[in-house]
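Colleague: Keeping the supplied structure of chain A fixed, place chain B upon it in accordance with the hints.
Line order of the protein sequences matches chains A and B.
Terminal number for the first sequence in the numbering used here: 320, no gaps in between.
Terminal number for the second sequence in the numbering used here: 640, no gaps in between.
Worth flagging that the hints you see were computed from the coordinates, not collected in a lab.
Heads up, the beta-carbon is just placed ideally off N, CA and C, and yes, glycines get one too.
From the derived model, a few chain A residues whose C-beta atoms are all more than 12 angstroms from chain B:
#: 1; residue: P70
#: 2; residue: H209
#: 3; residue: N244
#: 4; residue: A260
Chain A side only, calculated, beta carbon under 8 angstroms to chain B, not exhaustive:
#: 5; residue: R9
#: 6; residue: I13
#: 7; residue: V18
#: 8; residue: Q140
#: 9; residue: S216
#: 10; residue: A217
#: 11; residue: G302
There are 2 protein chains.
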Amino acid sequence: MGDIYPQLRRDPIVDRWVLIAPERARRPTELEEAGHLAHHEACPFCEGHEAETPHEVYALRDADSSADGPGWRERVVPNRFPAVGRDADSAYGVHEVLIESPRHEASMAALTAEQVRDVLTVYRHRLAELQKDPRLAYVQVFKNHGAAAGASVEHAHSQILGTALVPREVRAEFDAAAAYQSAHGRCVFCDLVEREISAGERVVHAGEHVVAIVASAGRFPYETWLLPRRHSARYQQIGDAELNELAATMRTVLRRLATAAGDPAYNVILHTAPAGDASQFHWHWEVLPRTTGIAGYELSTGCYINTVPPEEAAARLRGV
Amino acid sequence: MGDIYPQLRRDPIVDRWVLIAPERARRPTELEEAGHLAHHEACPFCEGHEAETPHEVYALRDADSSADGPGWRERVVPNRFPAVGRDADSAYGVHEVLIESPRHEASMAALTAEQVRDVLTVYRHRLAELQKDPRLAYVQVFKNHGAAAGASVEHAHSQILGTALVPREVRAEFDAAAAYQSAHGRCVFCDLVEREISAGERVVHAGEHVVAIVASAGRFPYETWLLPRRHSARYQQIGDAELNELAATMRTVLRRLATAAGDPAYNVILHTAPAGDASQFHWHWEVLPRTTGIAGYELSTGCYINTVPPEEAAARLRGV
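So that you can see chain A by itself, here it is in the shape it has in the complex:
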């Protein structure tokens, strides 16, 4: 199959794709299992260490500051150990890192409400920008917090990974939304929001623009989804008022999760519409706490075992 990497390969049986990216094996792992970084002064993501990352591609920074110098609030740089590349043949794509704070904070939950809003604003900007590349079919925004969630760096950060392929799980959601739209003439996510607010038992937050619900069939204990009330296919369409409420809600969910579930590792992922006509989709965030491992049963079957009933999880998240 040649030896140019990264490479995108399809499973010979099912429609499952894998990025073969030996470069990523070279990334340093400063986080041991369940451990924390001992020496913050060595962190390449802290303000003053800009020379230790590739040149920034975007930043929110002071008017009198310069690119790749101090004076920023949010900073986006190319991933030093990318899983895809603009020079890659089969694995075309972009892989960026968003550094969420100039100071060394370990969790998005520790950021101020303004910082969380800044982070969510930068996602909007990068998605709008990357949408201009016609070769990118999907751009995945995600966050790994803690070693058990796959993080190798402690400093709060997220990743933006765009590929020429619409990934399998995104495609499955998109197809399901399209099928529901055809069958019922409505959006499956809009109906879900309405049903969950009416039922009430899994609601964590129901605001003017944004709702947070514990997923009724969540894969993980305390799995929580954040959705806009307004039907909207692409995250980059989010308005400022929605963005403010989303930031406050995300911060609240993460802080309550830390209290209710013992400060777990977690992933935060965005599902937004792929390139092309996608009006039936409805963007949303999923917060996936990693209190329980992914074992052989889950890997073999795709069926998860969740040890905390979602209604109980929601009651605890509301009660904190």
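Modeller: This is chain B only, laid out in the frame that chain A set:
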């Protein structure tokens, strides 16, 4: 949704199922992350501690020994913390534990060739037995070794979990095999075996009855599949000669993996045909080393990032 557990629930958007099983939260976790059990004498799976498990449902034991007493080589007991139940309404099923050795061994790789053959023989027996229950649509055999692979007990064991549902990933493989059969008039796994042996670069073992290949699009570094050369839909159809070679091959793969990849945690999973007409399927085992975590990108997209090219992994496994 009621509060009778375990419960089987479907995701409101995609065809993904979750077992809500609060009982499993009560299971003791003797394994810390990356840690080992300190006091073997406290292990409920060791010979002489039979009273600490539920009554055995099957065992390979000495002729003069008694059920639930010492004198066994392999022992199957109900899982004390089941994810499904025969009394459960939506989550009907069986959940058993196979204790693989009377002595305290931590890995299947440490068992003798005869013990591994005994383990694989017991799987055959349990699958044939559980096949008689018409309510079970699929029986999953799997093994978690090491905390990073989801194990909570150190003593070598595997699990057998049967459900009334054919799980999503098994269904996907089965449907793909059926579609290939329709399109090409051949088995997709038979063709894979032929192609891989011909190419050679990912072959670890090619024997009379069994082949072991590193998966060309493996999700994990060193992911290795073991398949019978003979087309056979159900694992319980395995013959004794095949079983002997499978046992020797499984043991060799696990031992070489430990040497080549630094004794990683791993899962071993069986894919076999679901209940009903399934002649187009071809059973196989997958060894999934857990050297790299499952992070936000994988969870969100279903696309994995593998840092070791499969051809390199195969060369290392052959070279050990």
